[in-house]
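Q: Please assemble the complex out of the two chains, which come individually in their own frames, going by the hints.
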Amino acid sequence: MRNVAIISVGYNDRFVAKRPDVNIPEMIQPAVANALKKTKMKHSDIGVVVEGNMPTFEGINYPHLWFSDHIGAAGKPVLRISTGGTTGMSVFHGGYYCVASGMFDVAMVIGWEKHDEGDAQVGLMGIVLPEAFSLFQFGPDMSGGRGGGMGLLGGGGSTGGASFQALSYLAKAKGTPEHIDKMAAQARANAAKNPYAHLQHPNCTAADIAKTPMVSYPLRYGHTCPASCGACVMLLVAEEKVKKFADTDRVAWVKAVATASSDGTTGNLVDGQITDPAEQAICEKIAAPKAYKLAGIQNPKKEIQMCEVYDGFAHQELMWPEKLHLVDNSCKAIDEGRLAIDGEMPVNPSGGVVSTNAIGASAMVRVAEASLQVMGMAEGGHQVPRRVKNALAHGWGGLFQFVTITIVGDEPVKR
Amino acid sequence: MDKKERKETRQTKDTLDMSLFKWRIEADGLELLVQGFKEKKVLGRKCHKCGTVYVPGPSYCRKCLIDIQDVVEVSKKGKIACYTVGLADVRGNPVEEISVSVQVKFDGSDSWMLGNLEIDDWKKVYVGMPAELVLREETNGTLADIVCFRPV
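If you read the sequences in order, they're chains B and W. Going by numbering that gives the first Met the number 0, the first sequence opens with residue 0, and the numbers climb by one from there. Going by numbering that gives the first Met the number 0, the second sequence opens with residue 0, and the numbers climb by one from there.
Heads up, none of these hints are tricks.
Each computed PhoX-like pair below joins lysine-lysine, with the alpha-carbon atoms no more than 20 Å apart:
| id | chain 1 | residue 1 | chain 2 | residue 2 |
| --- | --- | --- | --- | --- |
| 1 | B | K39 | B | K240 |
| 2 | B | K331 | B | K171 |
| 3 | W | K123 | B | K173 |
| 4 | B | K331 | B | K300 |
| 5 | W | K76 | W | K39 |
| 6 | W | K62 | B | K284 |
| 7 | B | K243 | B | K39 |
| 8 | B | K36 | B | K242 |
| 9 | B | K171 | W | K104 |
| 10 | B | K37 | B | K243 |
| 11 | B | K173 | W | K78 |
| 12 | W | K122 | B | K210 |
| 13 | W | K40 | W | K75 |
| 14 | B | K240 | B | K37 |
| 15 | B | K242 | B | K41 |
| 16 | B | K388 | B | K413 |
| 17 | W | K104 | W | K75 |
| 18 | W | K37 | W | K75 |
| 19 | W | K78 | B | K171 |
| 20 | W | K78 | W | K123 |
| 21 | B | K388 | B | K300 |
| 22 | W | K12 | B | K17 |
| 23 | W | K122 | B | K171 |
| 24 | B | K331 | B | K173 |
| 25 | B | K242 | B | K413 |
| 26 | W | K122 | B | K173 |
| 27 | W | K123 | B | K171 |
| 28 | B | K242 | B | K39 |
| 29 | W | K62 | W | K48 |
| 30 | W | K123 | W | K76 |
Each pair of labels, with its calculated beta carbon distance range:
| id | chain 1 | residue 1 | chain 2 | residue 2 | range |
| --- | --- | --- | --- | --- | --- |
| 31 | W | K39 | B | T211 | 41 to 47 Å |
| 32 | W | K62 | B | R1 | 33 to 39 Å |
| 33 | W | P150 | B | L64 | 52 to 58 Å |
| 34 | W | G140 | B | N60 | 39 to 45 Å |
| 35 | W | R149 | B | T204 | 37 to 43 Å |
The hints are simulated quantities; they were obtained by calculation from the structure and are not laboratory data. Backbone N, C-alpha and C fix where the C-beta goes; we use that ideal spot for every residue, glycine too.
So here's chain W without its partners, still in its complex pose (with noise of 0.2 Å):
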């Protein structure tokens, strides 16, 4: 069909009002995160029948599908299992600061968890690279507390 023959038939322009959303999450795993950040530990789950150590730890185990109690502390250093590297905004143009974000299995864990790493530059990043979380010097039990990931 030719392009000139397209004509629009109609558009609709609105605002979405957010309050007529309701969730309800379990983020039980988080909380036990954070509150372990107060002491300066990553704290998780494990998993009592199959050994599975999740951080953050949900409250069952995704694999055995039963639920789970035992907290367990894991290192703060670990491997970057995966990575990608921030250079375009959501319009597509080049950003200024380019940002590393990893995910990194702690040493210890089963599960990997998001941040960001701090290096100079990106291209030294590697999958399999040791990396280390590190946490602001006052914690106060918030994600606000986890300041980056270093390179060790």
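Isolated chain B, as found in the complex (with noise of 0.2 Å):
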């Protein structure tokens, strides 16, 4: 295996919630062309791209039939990677892998997510249906979700799922509802500092997150992430070429992948569910400490420097840190100001994904912070105050059952 450096990262505009001035290989395009421009790079240096949404989200299958001209990847390998919420970081991932194995020299991944252009439920009507089909056939009673009834549906979304994992996850770390409150007022403060981010709010605090509706308990409006649209993309060149196509002296090596995934884990009336959701054993256990042994780190808490977690909820903020082994305590973390972007160990200095959710971009995103973070390139004022010689990007999909990891630093692993 190659070491492989990520050189760029590409965005195409601030996350917005609507974009009804273009399409989608509009919107694609500028993030391409920024990514390229920081490099020394041609389109033709490209030699394989790997991109990849939420499937029919925007009522579109095999999306990158269509904008294969507008990013230069005509007569290139073009691979499409999507699985649900990890699947920018799953992208990612193929893409290294593309490098690493020795086929090509120069990988382009893109996670893109439009929206406005579609409906998610539309989407996520493939796994709901089948579900309360089968419960059809065994006669839940209809009338207001009593009992075995419809209202007791966790498919087709992990909202409902994540309502629950927040009370078990509260109750396993003696938080309180005030914790989430607290973590979601720095993501969205955070995020006024990064241009990019969609949900901006200087200054935000617990109090104002407060104010929010209750959904489903515990988790509130200003709880949960946005929908929103854009893209992301970045270069990932051979260490050999590393030389030749950065435009930079700080690019930021992969130090280690890993992956993880099992049964879902909540809202599971016809199998019976065995997880509990806020348990995360396949990330504590087996895609974690993958990660650590391949990047060679002994003390995550010491040697890694800053994290970005996949939050599309603010306990999950709270939750991912300490199954990556970061932090011991959140909630007690949160309190005493640890988790700020100059404390002990910032988490998600760019507002995380609960301020910005193009959803197939999302767990890229991560990656690219992380990776921008340690090319000290995070613009804005979200750049964490001391170096950061590793940093580690986090994304979950499906109903919390797909942990992708990525650790990137400043050097290449000695292989």
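A: As structure tokens, this is what we get:
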């Protein structure tokens, strides 16, 4: 396996709720141009393109057939990867393996979503309908969600499951819903320092978040992510080509990639569920230890200087750093300000997914932001003040049963 | 970019023909569960290798990945493993009838089952609260036999 460096990150524009002025190819193309602009690379140097978004959220299958010409991919191998919430990072991993394996010297990876062009629920129908129809066979009580009625369905989306996860997490961590308010406030305030973030709320406080309506206890509106439009592009280059193509001395080296998957955790009335959604053993016991081993990291709390976790809901910004062995008790840590940009373990200086969620891009944005932190190029005041030698990016998908991790650093791993 | 510059390109409205979709779901364990309701029993499956008890019980063990057939009866009583309270409708408006969805781990089972909790004040619910499954007086082997969960 060869070492792989991230030499450039490109966004199309600030992530927003609606982009009616452009179609999908027109939205993605500027991100490609922005990524290439920061290198000494030409379109023709790109060997392979890997892209992904949520399947059918825009009502289109095989969207890459539409935009290949617009991103200079014509005639090149184009690989599409779509794995729910983890899509962005799975795409990144796909591009990484293309280069690390020696098949290609340069890979361009693209994660994107254009929520205003379709209906996420239509995409999710493919999940919820089989569950609903199989339940019809067993005659659920349809009189308003009592008993085994439709009101119980957790399928078709992770929001319902996330509320269960939040309470289960709080019970274990001995936290309160106010801790989630604090975390959400920090995320929105951080987002205000990131020029590309969607929901920016300068100096947001826990009291501001607590004023938003409760949706599904303990989650409020202020704890949930928006639906954003945008694209993220990254250029991955083999070690021996870095000097040729990189326009900067500080590139981010991919030190480890890890993935783990298990059963859907919540809302499975058909088969019975065996996993506590807040347990996340696949992350804590499989993916994270594997990533640290590959990266040669013995003590993640000391050797990793910041993390970008996939927090579709604010409580996850508390939960994931614990499962990634970066923080012992996040509720305590947020009380003591240790998760802030200038804290001991900065979590999501970019504002995270709770502030910007173009789903197919979100997990890739985590790697992009971690890389920018390592490269010292995070714009608008969200750069971590101390030098970031190693940064961790994390993504989850499905009903919390897919986990992806990437560790980037300022030096390649000696293999 | 200035918002005024952004003009809509195109919008298409259409309906979706649901008959285009075809599925098959293995719901053997759910069948076992609802058949058990006829005798007011809660039935699940136990893995003969690792001993994990599932309610509803799938036809295979999710840990050992082997076929399982052993049927076991578990208690109707258990503990609330986690819960959530529906306070808004899909459009975000506060609802008049607040519903408490719970995941209950029956005594003798390793999996959790979803249900609604009947309680006068949702603020009294806590993780670990004992609850029991309430079935209709006359059961006929459907999911509609479930009335609710109630605190013990």
